[in-house]
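**Q** Given next are the chains, with one letter for each unit.
There are 2 protein chains.
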Amino acid sequence: MNEFDFIAALRKLAHHPAARGLADDCAVLEVGNETLVLTHDALVEGVHYLPSQDLADVAWKLVSANLSDLAAKGAEPVGVLLGAMLGDGDARFLAGLEEVLAEYDVPLLGGDTVAAPEGAARAFGLTAIGRASATPVPSRSGARPGDGVYLCGSVGAAMIGLEDIRGGAGDSSASLAYRRPRPLLAEGRALAPLVSAMMDVSDGLLLDARRMAEASGVTFQIDSDAVPLSAPEERREEALRWGDDYALLFTAEPRSEWPVAIARIGTVGEANWTPLLIDGEAPSPDDALGYRHEG
Amino acid sequence: MNEFDFIAALRKLAHHPAARGLADDCAVLEVGNETLVLTHDALVEGVHYLPSQDLADVAWKLVSANLSDLAAKGAEPVGVLLGAMLGDGDARFLAGLEEVLAEYDVPLLGGDTVAAPEGAARAFGLTAIGRASATPVPSRSGARPGDGVYLCGSVGAAMIGLEDIRGGAGDSSASLAYRRPRPLLAEGRALAPLVSAMMDVSDGLLLDARRMAEASGVTFQIDSDAVPLSAPEERREEALRWGDDYALLFTAEPRSEWPVAIARIGTVGEANWTPLLIDGEAPSPDDALGYRHEG
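Here the protein sequences line up with chains A and B, keeping their order. Note that the first sequence covers residues 1 to 295 in the UniProt record's numbering. Note that the second sequence covers residues 1 to 295 in the UniProt record's numbering.
With the rest of the complex left out, here is chain A (with noise of 0.2 Å):
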């Protein structure tokens, strides 16, 4: 079984429309007379992280991986749970824990923690929870032929700051982009309103511009060269493959004023042969466009 047959099969037991059918990053449940948005993401040694990494680092992208997810749903954070293995590196875990929820003034609010196994890779856990600011909540599935394609942020500078990081100038400020990524909290709750769908970029603007228009059933028309770039001009193509700046990719119908600063890099047309044209071509089969996670 692999993890696609894997995720089938649990969207399945995803029953509850709060769900979204797991295609959205979060769960958006109706209380009362609010709006809750949930989320989980896990880093596990080896796989998100190296084990040379600073754990300070660590649990500050656990907990912006999380609030991201909330930022997509201009959702306003309200706490998190921490599931947490215990080892070396624990006094730095919860300095950056520490750093990272007085940064979003998001309060912790339960959680376990179990002494790794000998030899083990450390799993950390975390589920975040928001408020709707504005309702609908934005999914990735809105978007309309018409709307424009927008983002917000920029692309490149997380893996400029991982190659400081890999040359050995982890504590070089362009390093901060890959090991401290900032969630754009009020941006998303500025544009939730505004927007017929929108998400965070995680795993690459391009890959997940074909994930949304897919969603929606429509395609997207990139223009590459709009996109803002904070990496050198050569590395355009690269940087928007590139994953882990925590953008956030929005349709909306176009208008001449927006909230916060944002850059058209896009139209959403009318369900095509491919979800995605870049600079008017389907891309490569071969071209993965992004990171695709394990997970």
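Misleading hints may appear alongside valid ones.
Identical copies look the same in the list; a pair holds intra-copy or inter-copy alike.
What the hints assert, rightly or not - Cross-link-like lysine to aspartate or glutamate pairs, in silico, EDC-like; alpha carbons within 20 Å at most:
1) K12 to D105
2) K12 to E103
3) K12 to E99
Keep in mind that the hints were calculated from the coordinates and are not lab data.
For chain A, the structure is supplied; the task is to place chain B on it using the hints.
**A** Just chain B now, kept in the frame of chain A:
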């Protein structure tokens, strides 16, 4: 840094009242005009279960352990988020997950999957969300002098069940008590409006009774012969120190009628030099009273 220090550090980050100081198994969150109960528990291979165990049973236990925490709050399950490391036996994990979610009519709302790194111990995390049926939501800390101490359910069945499994009778009906524990959800909801404190017995009745007495600042006088036993009488002393039975321990003003079957097992007294008297005597300092998890 040991686990005690780690949790003490986490407690400082849990400043929101919903976190209940991380002292209460669940977070209790006011949302709109409702009260949500949130809990997160993890199971790790080699710590909470053996590599040889059927992953269908592991999935069942992962869900039922979390639902048992909701039961102790009188909460009705709303849904769960799963963090799963994939690997061998995934089809069995899914089968068990489907069974337990169907049994308790709980939908999967979301989560995350990740491929287990080569040779890694598998870890599974679950966040369960419930809706409180009675407020205030019972805590560990509300026991008052003059209350009775009660148990809903019995102890000892899981101990016998594990012995069957270790003895090669892993398919015996007794083994079900260990492999497929049943959270007392209906009982918890019926009792929640009547109790002054409640928790599920997961680490051993006497250990959990001492924790509740300490949290409440009182002394529990336990009559060990009054504890309902699902094991041979000669195993009583052990069964009182065994976990995994998921009985509900609670305190309440004595009453002549109860909505569900319960047994009175003791009395709450004023704070004393010891939080726990068993048949009138304080337990020996060498008596662990139960199973001390690493988390």
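**Q** Taking the hints in turn, state whether each one holds.
**A** Hint-by-hint comparison with the structure:
Taking identical chains as interchangeable, the C-alpha atoms of K12 and D105 lie at most 20 Å apart only when they sit on different chains, with a minimum of 13 Å there against 36 Å within one chain. When the C-alpha separation of K12 and E103 is checked against a cutoff of 20 Å, the pair qualifies only between copies, where the shortest distance is 15 Å, while the shortest distance within a copy is 38 Å. In this assembly of identical chains, the alpha carbons of K12 and E99 lie at most 20 Å apart only when taken from different copies (12 Å versus 38 Å within one copy).
In this structure, every one of the numbered hints holds.
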